[in-house]
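Peer 1: Chains as they are written, first to last, in this note's numbering: chain U, 1 to 124; chain X, 1001 to 1417.
Hints are computed from structural coordinates only; laboratory data are not their basis.
Do not take every clue at face value.
Selected chain U positions facing chain X (Cβ under 10 Å, derived; list incomplete) [claimed, not checked]:
| # | residue |
| --- | --- |
| 1 | 8 |
| 2 | 73 |
| 3 | 107 |
| 4 | 110 |
The list that follows gives simulated cross-link-like pairs (lysine to aspartate or glutamate, DMTMM-like), each with its CA atoms no further than 20 Å apart [stated by the list, open to error]:
| # | chain 1 | residue 1 | chain 2 | residue 2 |
| --- | --- | --- | --- | --- |
| 5 | X | 1228 | X | 1247 |
| 6 | U | 100 | X | 1219 |
| 7 | U | 88 | X | 1392 |
| 8 | U | 4 | X | 1206 |
| 9 | U | 88 | X | 1084 |
| 10 | U | 100 | X | 1064 |
| 11 | X | 1336 | X | 1410 |
Computed from a predicted model, the values in this text were never measured in an experiment.
For glycine and all other residues, C-beta sits at the position ideal for the given N, C-alpha and C.
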Amino acid sequence: MNRKAEVICLQCPLACRVEVEVDKDNKVVSASNYKCKRGKTYAAQEIINPVRVLTTTVRVLTRDQIHPLLPVTTREAIPKGLLQDAMKQLAGIEVKTPVKYGDVICPNILNTGVDVVATSEVLN
Amino acid sequence: MSGIIERSVDVAVIGGGPGGLGAAIKAREAGAKNVVLLERSEELGGMLPQCIHNGFGLHYFKEELSGPAYIHRLVKELAKTDVDVMTQTMAIKLEGTRITALTEKTLTRINAKAVILGMGCRERSRGNIRIPGHRPAGVFTAGTAQRLINVEGYIPGKKVVILGSGDIGMIMARRLTLEGAEVVCLVELLPFIGGLIRNEVQCLRDFNIPVYTSHTVSDVIGKNRVEKVVISQIDKELKPIPGTEKEFEADTLLLSVGLIPENELSTMTGVKLEPTGGPQVDDLWQTSVSGIFAGGNVVHVHDLADYVTESSEMAAVNAVKYINGYLPVERKVNVKGGKNIRYVVPNTIVSNQPVSFFMRVTWPLKNATVRIGGLVSKKYAFVRPSEQIRIDVPAEMMKGFREDIIVNCDGEEDVAR
Ligand SMILES: Cc1cc2nc3c(=O)[nH]c(=O)nc-3n(C[C@H](O)[C@H](O)[C@H](O)COP(=O)(O)OP(=O)(O)OC[C@H]3O[C@@H](n4cnc5c(N)ncnc54)[C@H](O)[C@@H]3O)c2cc1C
Ligand code: SF4
């Protein structure tokens, strides 16, 4: 079955609404309504394998009452369809202090090859 | 209370957000001897510690960072300096460049040679926008919800309606959804989304969140806690149209209906305010009161924290020039927003230096031209209220301006009014 979507291109402020269609093997069969090539490439990526950076928080075991949570991010974008599962996995994590900026909190989340790292510090 | 402590400094910065931090570091670097930074909360960073999403730092640090990471970098820079950082210290009075500040135990009077305002902005609340209906628990500003979820670890509700399509509201729609809450819908008064398109795509469309533009919340029902939120379509006068009501079960209503600068201190000492909502500033970021400079969101709401830091640094550099008696004030030309321009910053031009003009349009237009007086014009495929326009004008051209500068934006209507 072919799949169709309207993808808003985010590559420049024009924000073209690109119409894109792929077949069952994820080959682009048609694309229209884009003003430059970047829009076509972007729309294809968005319909075939959209990816997003996930930012969220994990619990910290700490005496420090102002910081019960540690903000974290995936180091790179992961498939959009995995965001909810990644949230579930991270909900089960409790980090011991001290944690430093950039520490790996969850390596290779959901076998994506992408690590989740701290974007702040809690030292005590 | 144990008496009043008096002290004298070169530069006092009020507010420890991305603006105040940048200003304090820069003031020291530019040669101010004693710099003091006052922050009322226990932690530095302003709004950014609760902004755990990405998108900060691309301009300033050449790297995409989360809000906490952006602040982490600035605080590390600050730690290398001898700036006197006073947290849990609230400036409660400003008389010229004299500050009265309240710390846990004492009052401190700080006689500064120059003051930099970096108090940021706060969110408009229910009272500011007059939503009818009951007054149950469960109505929060989007920023309060952001703080509860991202800093305190508490999800404010299970079924949420969001009023207002500003960036904070959209970002909270995604955050709540990812945390397992249901975002029932997002409601916007205007016929278009108020925040950035990136957020519309990645926070609303990605999660199939229903959006009602040209609608508003016409009733909030619930005794102790919100039980239902009623929305209505609106007419040309922005009034709810009877008969168009839609009722949603919800336990929470979030408001993302704009930001207003923290003006209490500014008005107290006679700083003039502008259509931005914040203090009038000239191209050297000095307010209408001599020796008081301002930067960041207290002046106008910047699109990027990077620009907040940048404008505050400029305020700091000029504050130091002021102290040393060589602020390059040559003349005075007023800058005014004209057609389709909600506001322009700076509000006056006093130097012969290059100037960055920042402005926002009132209505989205396509094939638009922005004209700064008769001398500079720039074309845009689209202009949108959510996207700040920045036009840098070189010094040679600025010299040409002798009379008041009116900024106009013409183009074709992109969304019907
Ligand atoms: C709820 C909310 C959410 C936001 N989310 C985003 C976002 O996701 N992305 C984004 O780019 N921008 C966001 N913004 C805009 C954000 O404010 C700016 O990007 C940036 O934080 C502005 O920096 P600032 O230093 O000017 O002000 P702020 O960060 O607001 O910092 C001002 C500081 O001054 C302190 N202060 C105020 N008055 C006094 C006083 N009298 N005495 C002592 N200290 C005082 C405050 O406590 C605060 O720490 C948000 C704003 C709000 C209100
Ligand atoms: S398709 Fe090209 S012109 Fe259109 S939004 Fe994307 S990058 Fe911009």
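Peer 1: Does each hint hold? Answer for all of them.
Peer 2: Consistency of the hints with the structure:
1. For the restraint placing residue 8(U) at the interface with chain X, the shortest Cβ-Cβ distance is roughly 5 Å, inside the 10 Å limit, so the hint holds.
2. Interface hint status for residue 73(U): upheld, as the beta-carbon distance to the closest one in chain X is roughly 6 Å, under 10 Å.
3. Because the beta carbon of residue 107(U) sits about 19 Å from the nearest beta carbon in chain X, more than 10 Å, this interface hint is broken.
4. For residue 110(U), the interface hint is violated, the least distance from its beta-carbon to any beta-carbon of chain X being 15 Å, above 10 Å.
5. The straight-line distance between the Cα atoms of residue 1228(X) and residue 1247(X) is roughly 7 Å, inside the 20 Å bound, and the hint therefore holds.
6. Proposed proximity of residue 100(U) and residue 1219(X) is contradicted: the alpha carbons are some 47 Å apart, above 20 Å.
7. About 46 Å separates the Cα atoms of residue 88(U) and residue 1392(X), which puts this hinted pair outside 20 Å; it is violated.
8. For a cut-off of 20 Å, the pair hint linking residue 4(U) to residue 1206(X) stands: about 16 Å separates their Cα positions.
9. Using a Cα cut-off of 20 Å, the hinted pair residue 88(U) and residue 1084(X) is violated, with the two alpha carbons roughly 43 Å apart.
10. Annotation: proposed proximity of residue 100(U) to residue 1064(X) holds, straight-line Cα distance about 18 Å (limit 20 Å).
11. Under the criterion of a C-alpha separation no larger than 20 Å, the hint pairing residue 1336(X) with residue 1410(X) is consistent with the structure, at around 15 Å.
In the structure shown, a violation is registered for the earlier hints numbered 3, 4, 6, 7, 9, in ascending order.
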